[in-house]
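Student: Chain residues, written in single-letter form:
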Amino acid sequence: MVTVKIFGYLTAAMGMRDCTMSCGTVRDLLEELGEKIPSEARVHLQDPKNGQFRGFHLVINEKSLTLAAALDRELVPGDVVWIISPVAGG
Amino acid sequence: MKGYAGNILRVDLTAGTTEVQPLSKEQVRDYVGGRGLAARILYDEVAPGTDPLGPDNLFILATGPLAGSRIAGSTRHITACKSPLTGGWGEANAAGRFGPMMKAAGFDAIVVKGQSEKPVYLYVTEGRAELRDASALWGQFIADARETILQQTHSQAEVAVIGPAGEEQCKFACVISENNRAAGRSGTGAVMGSKGLKAVAVFGEEKLRVHDPERLAQLRKEITQMCKEHPACQGFRQNGTAGGIGPHNAMGMYPAYNFKDGVSDEIDKVTGETMTSTILSRRDSCQGCPVACRRVVTIADGPFAVDSRYGGPEFETIGSLGTCVGIYDLKAIAKTNELCNKFGVDTINTGLAIAWAMECFERGIFTKEDTGGLELTWGNVDVVLKLIEDISFRRGLGALLAEGLKAASEKVGQGSEDFALQVKNQAFPVHMPRGKVGQGLSFATSNRGACHTQGMHDTNLEAGKTMPDIGFTDKFKGLSRTSTEHKGEAIALAQDLRAIQDSLIICRFTSWDYGPTPPAMLAEALTAITGEEFTSKDFMEIGARVFNLCRMFNVREGFDRQQDSLPARMAEKLPRGATSDSVITQQDLDRMLDEYYQFRGWSSRGIPTPQRLAQLGLTR
Chain A
22 MVTVKIFGYL TAAMGMRDCT MSCGTVRDLL EELGEKIPSE ARVHLQDPKN GQFRGFHLVI
82 NEKSLTLAAA LDRELVPGDV VWIISPVAGG
Chain B
-15 MKGYAGNILR VDLTAGTTEV QPLSKEQVRD YVGGRGLAAR ILYDEVAPGT DPLGPDNLFI
45 LATGPLAGSR IAGSTRHITA CKSPLTGGWG EANAAGRFGP MMKAAGFDAI VVKGQSEKPV
105 YLYVTEGRAE LRDASALWGQ FIADARETIL QQTHSQAEVA VIGPAGEEQC KFACVISENN
165 RAAGRSGTGA VMGSKGLKAV AVFGEEKLRV HDPERLAQLR KEITQMCKEH PACQGFRQNG
225 TAGGIGPHNA MGMYPAYNFK DGVSDEIDKV TGETMTSTIL SRRDSCQGCP VACRRVVTIA
285 DGPFAVDSRY GGPEFETIGS LGTCVGIYDL KAIAKTNELC NKFGVDTINT GLAIAWAMEC
345 FERGIFTKED TGGLELTWGN VDVVLKLIED ISFRRGLGAL LAEGLKAASE KVGQGSEDFA
405 LQVKNQAFPV HMPRGKVGQG LSFATSNRGA CHTQGMHDTN LEAGKTMPDI GFTDKFKGLS
465 RTSTEHKGEA IALAQDLRAI QDSLIICRFT SWDYGPTPPA MLAEALTAIT GEEFTSKDFM
525 EIGARVFNLC RMFNVREGFD RQQDSLPARM AEKLPRGATS DSVITQQDLD RMLDEYYQFR
585 GWSSRGIPTP QRLAQLGLTR
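Residue numbers (the working numbering), protein chains in the order written: chain A, 22 to 111; chain B, -15 to 604.
No lab work stands behind these hints: they were computed from the structure.
These numbers were taken from a predicted model, which means no experiment stands behind them.
Be aware that one or more of the hints could be misleading.
What the simulated footprint calls covered on chain B by chain A, stretch by stretch (three residues with Cβ under 8 Å from a Cβ of chain A suffice, anywhere in the stretch; the number is not a length) [claimed, not checked]:
| # | region |
| --- | --- |
| 1 | 208 to 218 |
| 2 | 225 to 235 |
| 3 | 437 to 449 |
| 4 | 464 to 472 |
| 5 | 490 to 503 |
| 6 | 549 to 563 |
If you want a taste of the chain B side facing chain A, the calculated C-beta under 8 Å gives, among others [as the list claims (entries may be wrong)]:
| # | residue |
| --- | --- |
| 7 | 222 |
| 8 | 298 |
| 9 | 299 |
| 10 | 300 |
The beta carbon of each residue, even a glycine, is placed where N, CA and C say it ideally should be.
Next up, chain A with everything else stripped away, as it sits in the complex (with noise of 0.2 Å):
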């Protein structure tokens, strides 16, 4: 299994923290991740209109990658996902 942890307003639009998901690529994780949370949130995920995923930012194993760049890297149990919110100034 994969343990997902979320950050930022994320938090509070998906109605979660954090959960375990089963493997597969970081795309797949996205997909089963949109389908456990209401059905609202799932606009904060992925934008209905092109079914592309919104740009927030991963960390992956405390690895900082890019959306582009991780989308279809296999992910193995024991992996640590960090889903974060889109963030500039303070």
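Dock chain B against chain A, hints included.
Tutor: Quick look at chain B alone, frame taken from chain A:
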């Protein structure tokens, strides 16, 4: 002239006189207002080499054509001068009631020169102004002075005021309105102090004159709705700017211990979410803004009891006076915030100066003999509180720190310059250039020194934000936050966008790219207000003109590529976390600077070329 009060107030404190001058069409067309207007006046009237704390420097307050329109985020004003901190272009802006009220009192800008023999404050109302004795106010804290001035003027007036730090000419003293809206950076408060000007109070009831009120009302409604629905705006409302702390820490880039680390194990104690569930008593908003990012905290008793009038800590303050000095106690950080606002001193410069001093102590560069007996150990709250006061009043070690980090570290030497987190003597905000490489270029090239609000956060590019009509095309989409690719161009574009945003003036949080409102929509709003046609393309041209003018102010003072630098720490790897693979070496910075200068039409030394200046109408 629709959208403007149409007048500039000129004040000569040496002569004790005031004069009303009409705003010119050229000032409006080419510079719009706010930063642009202030830059033109400062460039024309403050000769190179002028002592920033002498009578020939100017202190300028300015607002823009959006003030009074009730568009979300349009209530800002700017303070500007030659900075005593950087020796170059000095600027700080703040939100709140002051900007719209100044315009309602009859003025788009107030320009102050000279020095008063005794302390004074300026009261501006109904198109006229009066200098009043402020001897009894000198030495008073921010909220006390404001309260007295409101009693002496009008209960609905607003006041931009300095505290003891401004009076003592601490190089990073700020100007505060509404007790907690700080125009914090660049030491504009020290310039007020040097002039003997305690405060400027404004009151007026003049309504904004608008060319097309119906169109403006429609745009206002649309912008408000967009802000209500925008996830980042919702996040700012829920947990304030501090809502970004957890995500930054997760990405290994929320600075701790003087930027030695980007991860804090105890971060959950100081996040925006924790503030919301503990000490937060109220969310505060500016007029017409649905975001309501401001925090008010209540701590009624105990060692960190605070006066709620001074607001609550932001993302920047929690980093600079919290994690960067090793404090992980929100109540203690709220106390540091209260003291800074009470004394009128910038939290970022203050916190980073203390963090540097703590590292000097850790390394044995400072001993207790140098610190007046203070144990400058990480997380020592009592020492931090004492140093905030000492910096503000220029006492002991505080007098050295009050000069700014570059000045202090050059005096102390022993390699301490390498970990003095500053550019042009302005301390780093708590954004980690190693995790946002383009932000490093922003820090290096910002006209006011290290600044997080005048460039772009790489995270917004990584998150895929684009705006093709102003140059943010698909080539920037999804770029890694730690890559140098195309960052020279992106940062130059972003700086030009910020320059027009600060001339209108509009808040970052309601406008693209932090928030939702695209430049084209703001151009439409400006058209509706003034009756003059504006497009997003015009905006970027005006932004470039304003940015280059501020650069030329610095060039005239002797600045060039040498000052567009980053401290050596940026080339050191972080010990852990999701940013630990990234550094900015001098070669990285040089590569970005070359691209940046070329895109801007500047020489390799960072000087705008005559051709570029001519294109921008800046030949005089």
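Student: Look at each hint and say if it fits the structure.
Tutor: How the hints compare with the structure:
1. Only when three residues or more bring their CB closer than 8 Å to a CB of chain A does the claim for the region 208 to 218 of chain B stand; here the count is 3, and the claim holds.
2. With 10 residues carrying a beta carbon less than 8 Å from a beta carbon of chain A, the region 225 to 235 of chain B meets the three-residue requirement, and the given coverage holds.
3. Only when three residues or more bring their CB closer than 8 Å to a CB of chain A does the claim for the region 437 to 449 of chain B stand; here the count is 8, and the claim holds.
4. Proximity of the region 464 to 472 of chain B to chain A, defined as three or more residues with a beta carbon under 8 Å from a beta carbon of that chain, is established by the 3 residues found.
5. Only residues whose C-beta sits within less than 8 Å of a C-beta in chain A count toward coverage, and the region 490 to 503 of chain B has 3 of them, enough to reach three; the restraint holds.
6. Counting residues of the region 549 to 563 of chain B whose CB lies closer than 8 Å to any CB of chain A gives 4, which reaches the minimum of 3, so the coverage claim holds.
7. Look at residue 222 of chain B: its Cβ gets to within about 7 Å of chain A, closer than 8 Å, so that hint holds up.
8. Contact between residue 298 of chain B and chain A, as hinted, is supported at the beta carbon level, the nearest pair being about 6 Å apart and thus within 8 Å.
9. Hint on residue 299 of chain B holds. Least Cβ distance to chain A is approximately 3 Å, under the 8 Å limit.
10. Checking residue 300 of chain B against chain A: minimum C-beta separation of about 6 Å stays under 8 Å; hint holds.
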